[in-house]
Amino acid sequence: MATSGVMSGLEMHDFAWKLWSLPRSITGSGLRRTLEMISEELGGLSIYEVPSGTAVGDWVIPDEWTLRRSILIDPHGKIICDSDVSNLHVVNYSEPFDGKMELGELQQYLHSLPDLPTAVPYMTSYYERRWGFCLPHQIRERLVNGVYTIRMDTDLQPGSLTYGDLVIPGKSKKEILISTYVCHPSMANNELSGPVVSTNLIKYLRSLNSRRYTYRFVFAPETIGAITYIHNNLEHLRKHVVGALNLTCLGDDRTYSLLPTRGGKHRLDTIARHVLKHLSKDYVEYPWTSRGSDERQYSSPGLDLPMISIMRSKYWEYPEYHTSLDDLVDLVTPSGLQGGFQAIQRTLDILECDVFPGSNIVGEPMLSRRNLYSTLGGSRFSVKRNLLLDVWSFCDGTNSALDIAHHLNLRFDEVLEAVTVLQDNHLVVTGPVLLD
Amino acid sequence: MATSGVMSGLEMHDFAWKLWSLPRSITGSGLRRTLEMISEELGGLSIYEVPSGTAVGDWVIPDEWTLRRSILIDPHGKIICDSDVSNLHVVNYSEPFDGKMELGELQQYLHSLPDLPTAVPYMTSYYERRWGFCLPHQIRERLVNGVYTIRMDTDLQPGSLTYGDLVIPGKSKKEILISTYVCHPSMANNELSGPVVSTNLIKYLRSLNSRRYTYRFVFAPETIGAITYIHNNLEHLRKHVVGALNLTCLGDDRTYSLLPTRGGKHRLDTIARHVLKHLSKDYVEYPWTSRGSDERQYSSPGLDLPMISIMRSKYWEYPEYHTSLDDLVDLVTPSGLQGGFQAIQRTLDILECDVFPGSNIVGEPMLSRRNLYSTLGGSRFSVKRNLLLDVWSFCDGTNSALDIAHHLNLRFDEVLEAVTVLQDNHLVVTGPVLLD
Amino acid sequence: MATSGVMSGLEMHDFAWKLWSLPRSITGSGLRRTLEMISEELGGLSIYEVPSGTAVGDWVIPDEWTLRRSILIDPHGKIICDSDVSNLHVVNYSEPFDGKMELGELQQYLHSLPDLPTAVPYMTSYYERRWGFCLPHQIRERLVNGVYTIRMDTDLQPGSLTYGDLVIPGKSKKEILISTYVCHPSMANNELSGPVVSTNLIKYLRSLNSRRYTYRFVFAPETIGAITYIHNNLEHLRKHVVGALNLTCLGDDRTYSLLPTRGGKHRLDTIARHVLKHLSKDYVEYPWTSRGSDERQYSSPGLDLPMISIMRSKYWEYPEYHTSLDDLVDLVTPSGLQGGFQAIQRTLDILECDVFPGSNIVGEPMLSRRNLYSTLGGSRFSVKRNLLLDVWSFCDGTNSALDIAHHLNLRFDEVLEAVTVLQDNHLVVTGPVLLD
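Chains as they are written, first to last, in the numbering used here: chain W, 1 to 436; chain S, 1 to 436; chain E, 1 to 436.
For the record, the hints were derived by calculation from the structure and aren't laboratory data.
Hints are not guaranteed to be accurate.
Repeated chains share a single entry, so a pair holds when one copy, or any two copies, can fit it.
To be verified - Calculated lysine-lysine pairs in the DSS-like style (CA-CA distance at most 30 Å, straight line):
1) 174 - 100
2) 265 - 281
3) 173 - 100
4) 239 - 281
5) 265 - 277
6) 265 - 18
7) 78 - 173
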């Protein structure tokens, strides 16, 4: 079902539930089905397949992984791990295995978290052949001695890696790249919040009458998918992309976070800090050394796209990270998703709306004859500061509305509203702020 | 009487008394007479008249205001307000009115200050027709019921706005603009300190053998007068003015203040901060958002003259501001005026005297053979720092004497004296520092 | 004996003892013999003589000073001061004098330190004819009344000033100038640590297979020697020298110190701060106004070589400075000299080894297939930061290894090692960092 309306927090949460149980990985049917469902939601996504064995940068596309129902059975016939119950029970990219094993030997194939005994950990082994099961530590501790039956029903065969993209044209050919990843199985903050907010941003941008920038949305597996996307579009990205956002960890209610560009001094960083400061003065800014998502690829030396990540609780920084506790019940909520969406939306609004206002007149405007200023002057009690005059005093063509907001310690939208009043009164003319 | 000598603090205070009771406004006879008396003091000021109705920038010159004796009489025939006692009793630019009114109806035309019950507030209504009386709150509270007689004997008729200027030529055609305003009736810090110090600076600059810069002094009503001056001299100001000072609030003894240029990084700001730091380490620097005088016009976008205000207690920031308590008895004193004058004088001295010294030699000068250094060396007790060598070590042609003063944490005049010794000994040559 | 091996701290200390008792001054046999012994240690130094009377910059080479055994004898025939016991007993550059004098008259020719009663002070009078003896204050206080015999057996005759230099060629004609002074008699931190560490650095640089820069070592008397060297080599220095170090005060164990370049923002300053921070986080950085050695000449306006001094306890800043207590027994030690040498050596290592690495690939390198990264991913417990990837992420050709060390708060050698691993794996190429 294609909807044109922007989703509420609850609708984003519902959409995340629809994608929840697909067995996503860096290749395979779970990834492919996820992209199809996003495509259906948006009324079309361009989907690409890149064959196993293709060299991309320093990497090679691996064989495609297929997961069928895989189970671990104890000596009494009781099912201990079942991929149909949670796809996290299987080490992602496990090779096929069918056999029996004493508990002692089996232990090396089991993964659990002693400090989070109720959680199923998320484990992967993309580039070395292994198999394994993940389970809560409290269950592992109660496993009985004896012979266990392993039915790891997977395939690792030449196939392809799948990714999708969607371009929303704007007045300028300059592009804002918005990338999110779709390779993690049943986890909510890291990852479903990313593709869900991305989907909603597409709806939001389409709802605008026009756009200043062209927007390029990418849905791909993390790391290998981003590298593949880069190498299939390298010259285009170098030529057109002027700013980039990585969408991840946008769903919980706890905090807001920023991973800035490598240099930390791009206009995107300034915009993001402005948005986050006014959303939550306690937001956390991380250093570049805390990076850990696709900015590692898009901001790679030799490409150097200025990419930021605006997040709620950042990957690595919340206890449920990369476990079954990163869920849609206790951690990621409708309001959490709504807050994450709003932070990105305000960032895009500044990208779309910031202007350089230049005064039309020399000497201050006479606001009183326009009913914009008190006509009774002189008193010590008259208003000392006037927002319109404060804003106008910076309208020399070199300060953008956002720059003026910083000079005056105001919100961007307050300044933009003042600029609009000045413009409506023919006191300033404006030109767009465009990233280089 | 034209005097050529520079005035003392006491003489400046006397001159302020002479101007005290003239009924100044943004037009009219009080303004005109004020300019004539300054002209007489200086032996000539160019005085200009701009007709009512003339468009200047976003504004229009209003009708000219004439104030004759205006009084408010209570039901017992007692005079409550009398413009002959203080011109502050009349709302500036009051329209004529002659009539009788019950106290209840009259109240809307009265202005007083509950928190300063002995003060007559200063009120204006230049651009909307009104009339009103201002009086001490303690008197207002004791007004008896009954019918009051109002004799507001004013005129609002087409006439002209008056301003004056005076140019002191220097070696360079580059100009320093020094503007002050002459539209406030009987108030001392804000405003008579401004025109009085301005008058004295003209005397001071004339007393110099020569001047590096040309100085342009402007005496005009605030806001509308400055805007008028700008539009009558726009191309000239754009072409020649390289620095500007607004003279206001230069008369009390309490503190020193700086309103910097909009960007805050002009050489004028550096000079002013240096002067003020050495006059009073507790001086206050205000942000651009605290501006409130003619820098709003001269630093307007599209003209952008770098203008600073060096002040004693800044407008808005002292309790007597814009009331009858801003007087020449308790607030503004000879020593206060002298301090204000001195701050501006030192600023101009740095503008006139700062140089870029460049060494004539490679390797340190031998000071001992010039009797500038001890001949007995070696001891741990010999002087470790030598002012001449410290200064000389920065004489690479890129540091001015003021820059060196900052590097060495010295006063400008200490460094200039050292540079002069080095120059007299043929160890450095100097070139003038000129604003761009 | 010419040795090719680098000296240990103990060997440097032994070499300082060999030079200890030579009667060094700004001219004469003690200076000449010192240079010869350094030349012997290094297998050759170019030695130059500049005649008395030669004008150099603002100075003139003075007459040459010869010191023979000079003594002061008390009324009982007891020798109070004897230049054979310590050359510090004679005011350096004393003129000849042979005569008798009452104690009262003699006092004006005596120098001692009341606050350091056991120390013989170091005094000089190069440019004004004087004679004098220096002695411990506790001995001076016990001098008996009566007639003293003075035998000041010196010469002040036209001769020459001596200095030496040595150039070690490198791949580039760009030169690093390393200057040290050889004019102080028996003192250890200020001065023998300087020429001794300089000698050892020559051995170290020769031990390298090749050098990026050409190194120019200068051994000259302080001030007049440096000025002479500059004027005899002015155009060469201007054309070729891109960085300079002044070697002094490198021998005690107490602290590390830095006197930066005049501007304090040269790459040499950055390197020195990095080296010192990692040697001792409590190192002291002094301001330019604390300068007091040959940076006064080499960084003179008109030449402006960027010169730094990396020191242990800085001249002026330790109580034994310029007295007989600045010795090789209690103050300057083998470990102190080794630490001083090491600080300079690490500075030269960064000059020689720093590179700009640029990535060969777009998108991150795949470290796991090179056994440089764990193959089992996903877990919250996997290593969050990877040194190789952190370093590589800055390899955009604009950051040097030292710059990356600052970004990552690591030591230079840690980053250089990572760059080397990346280079060995063909992931980056590098180019040298050369001072301009």
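Here is what the structure says about each hint:
Taking the shortest Cα distances, residue 174 and residue 100 never come within 30 Å of each other, neither inside one copy (58 Å) nor across copies (72 Å). For the homomeric pair residue 265 and residue 281, the shortest alpha-carbon distances inside one copy (20 Å) and between copies (29 Å) are both at most 30 Å. In this homomeric assembly, residue 173 and residue 100 never come within 30 Å of each other (Cα to Cα): the closest approach is 60 Å inside a single copy and 73 Å across copies. In this homomeric assembly, residue 239 and residue 281 never come within 30 Å of each other (Cα to Cα): the closest approach is 36 Å inside a single copy and 46 Å across copies.
When the C-alpha separation of residue 265 and residue 277 is checked against a cutoff of 30 Å, the pair qualifies both within a copy, at 16 Å, and between copies, at 27 Å. For the homomeric pair residue 265 and residue 18, neither the shortest alpha-carbon distance inside one copy (39 Å) nor that between copies (57 Å) is at most 30 Å. Taking CA atoms no more than 30 Å apart as the test, residue 78 paired with residue 173 passes in neither setting, with 60 Å inside one copy and 79 Å between copies.
Hint violations for this structure: numbers 1, 3, 4, 6 and 7, all remaining hints satisfied.
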